[in-house]
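Residue numbers (our numbering), protein chains in the order written: chain R, 49 to 333; chain H, 61 to 113.
Derived from the structure by calculation, the hints contain no laboratory data. Small disclaimer: the values here were computed from a predicted structure and weren't measured. Mixed in with the good hints there might be a few duds.
Said to hold, decoys possible - Label-pair restraints from in silico Cβ distances:
1. R:Gly-95 with H:Gly-111: 40 to 46 Å
2. R:Ala-122 with H:Arg-76: 49 to 55 Å
3. H:Pro-104 with R:Asp-175: 56 to 62 Å
4. H:Gly-111 with R:Pro-320: 52 to 58 Å
To be verified - Just a few of them, taken from the derived set where beta-carbon distance is under 7 Å, the chain R residues facing chain H:
5. Ala-119
6. Phe-120
7. Trp-123
8. Arg-241
9. Ser-304
Here a beta-carbon is modelled for each residue, glycine too, at the ideal position from N, C-alpha and C.
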Amino acid sequence: MSGTEVTRPDAHGRDEEPGGSADGGAGGGRRAARRAGRSRDREPSRGGGVVLGAVGVLGELLITAGVLLLAFLAWQLWWTDVESNREQAQLVQEQGWDEPLAPLEAPDGPAIVTPRYDEPPVMAEPDYLTTFASMRVPRWDGEPTRTITQGTDRPNVLNPLGVGHYEGTAMPGGVGNFSLAAHRTTYGKPFNRIAELQEGDPVVVWTADTWYVYRVTSSQIVMPDDVQVIAPVPDQPGAEPTERFITLTTCHPMFSARERYIVHGVLDYWAPVSEGVPAELAEVS
Amino acid sequence: MYGWLWRHLPGPALVRVLILLVLAVAVLAACFVWVFPWLAPYMPFNDTTVGEG
Chain R
49 MSGTEVTRPD
59 AHGRDEEPGG
69 SADGGAGGGR
79 RAARRAGRSR
89 DREPSRGGGV
99 VLGAVGVLGE
109 LLITAGVLLL
119 AFLAWQLWWT
129 DVESNREQAQ
139 LVQEQGWDEP
149 LAPLEAPDGP
159 AIVTPRYDEP
169 PVMAEPDYLT
179 TFASMRVPRW
189 DGEPTRTITQ
199 GTDRPNVLNP
209 LGVGHYEGTA
219 MPGGVGNFSL
229 AAHRTTYGKP
239 FNRIAELQEG
249 DPVVVWTADT
259 WYVYRVTSSQ
269 IVMPDDVQVI
279 APVPDQPGAE
289 PTERFITLTT
299 CHPMFSARER
309 YIVHGVLDYW
319 APVSEGVPAE
329 LAEVS
Chain H
61 MYGWLWRHLP
71 GPALVRVLIL
81 LVLAVAVLAA
91 CFVWVFPWLA
101 PYMPFNDTTV
111 GEG
């Protein structure tokens, strides 16, 4: 870089002296004299050379910092998706979360479950870091199955595993507010397309033995400390719940954490996994 | 800085370029594996939950 060029004559003088004298003592001597003359000429501006050299190094450091910043962006915006999507797909595979979807591949059409509107089975809240359910949103056609894991911290749940369940909120199908969080950008971005959700859109959640089909009722944008959105009755903290809500939370705007994008829904119906697949999932595939 | 590095690398220019490439890849790999994952939690754009703001 141009900065180093300024200091190069000095360095040449030191490093390449032997090479220079190899092609004849006389020439080398003449050159050495010329060099000496030059360095005498430069004597008064020696302080300026040091400053220029320092500026050159500073410039190189700044350019290096810029390249590393770009590398960080590439890592954050691309590589974390690659890593987390791979890890989440592996979890789905290992724990067999896609097995209930197998009827979709049946040649003569999948068996469609009969919607049930009575009291659904509700599992007990599992231990932290237990993956206890999966979800698909037909509107997000092309998105893979995302598993739901107990806990909502980033290092252990949201970054590697995708969707997290707010501890203490209702379980799938339970009376209260089944509340989930996931990244909207980076780390596999499970809720990337949350803004596409419209009123009435199904959100399909399944545990090992039960389908729960929720329907979106509303979306809102709130501040990060507005925890009333995951209250048992959304936005009415302290109220006694009688309905079976679901709430998805993620960041807003994209690539920022200034606000939160919230989607609420209510349970439409439930059905045993053994009967087949919900019609909502069969429609998209 | 890079000029100094270039002058202190052994071998012909092609070898030096190869060494520099390997060094650059090593630095990037170290960043991807250790530095960036450590740095990311301090970045202000990854929060998705309510209640931690």
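Now the hints, each set against the structure:
1. At roughly 58 Å, the beta-carbon separation of Gly-95 (chain R) and Gly-111 (chain H) lies outside the given 40 to 46 Å, and the hint is violated.
2. Between Ala-122 (chain R) and Arg-76 (chain H) the C-beta distance comes to about 26 Å, which lies outside the given range of 49 to 55 Å.
3. Against the hinted window of 56 to 62 Å, the Cβ-Cβ separation of Pro-104 (chain H) and Asp-175 (chain R) comes to about 31 Å, which falls outside the hint.
4. The hint said 52 to 58 Å for the Cβ distance between Gly-111 (chain H) and Pro-320 (chain R), and at roughly 34 Å that hint is violated.
5. Of the supplied interface hints, the one on Ala-119 (chain R) holds, with its beta-carbon coming within about 6 Å of a beta-carbon of chain H, less than 7 Å.
6. Hint status for Phe-120 (chain R) relative to chain H: holds, with the closest Cβ pair at about 6 Å, below 7 Å.
7. Hint status for Trp-123 (chain R): holds, given a least beta-carbon distance of 4 Å to chain H, under 7 Å.
8. At its closest, the beta carbon of Arg-241 (chain R) sits 14 Å from a beta carbon of chain H; the interface hint therefore is violated under the 7 Å criterion.
9. Taken as an interface hint, Ser-304 (chain R) checks out: its beta carbon lies about 5 Å from the nearest beta carbon of chain H, inside 7 Å.
The structure does not agree with the numbered hints 1, 2, 3, 4 and 8 stated previously, though it agrees with the rest.
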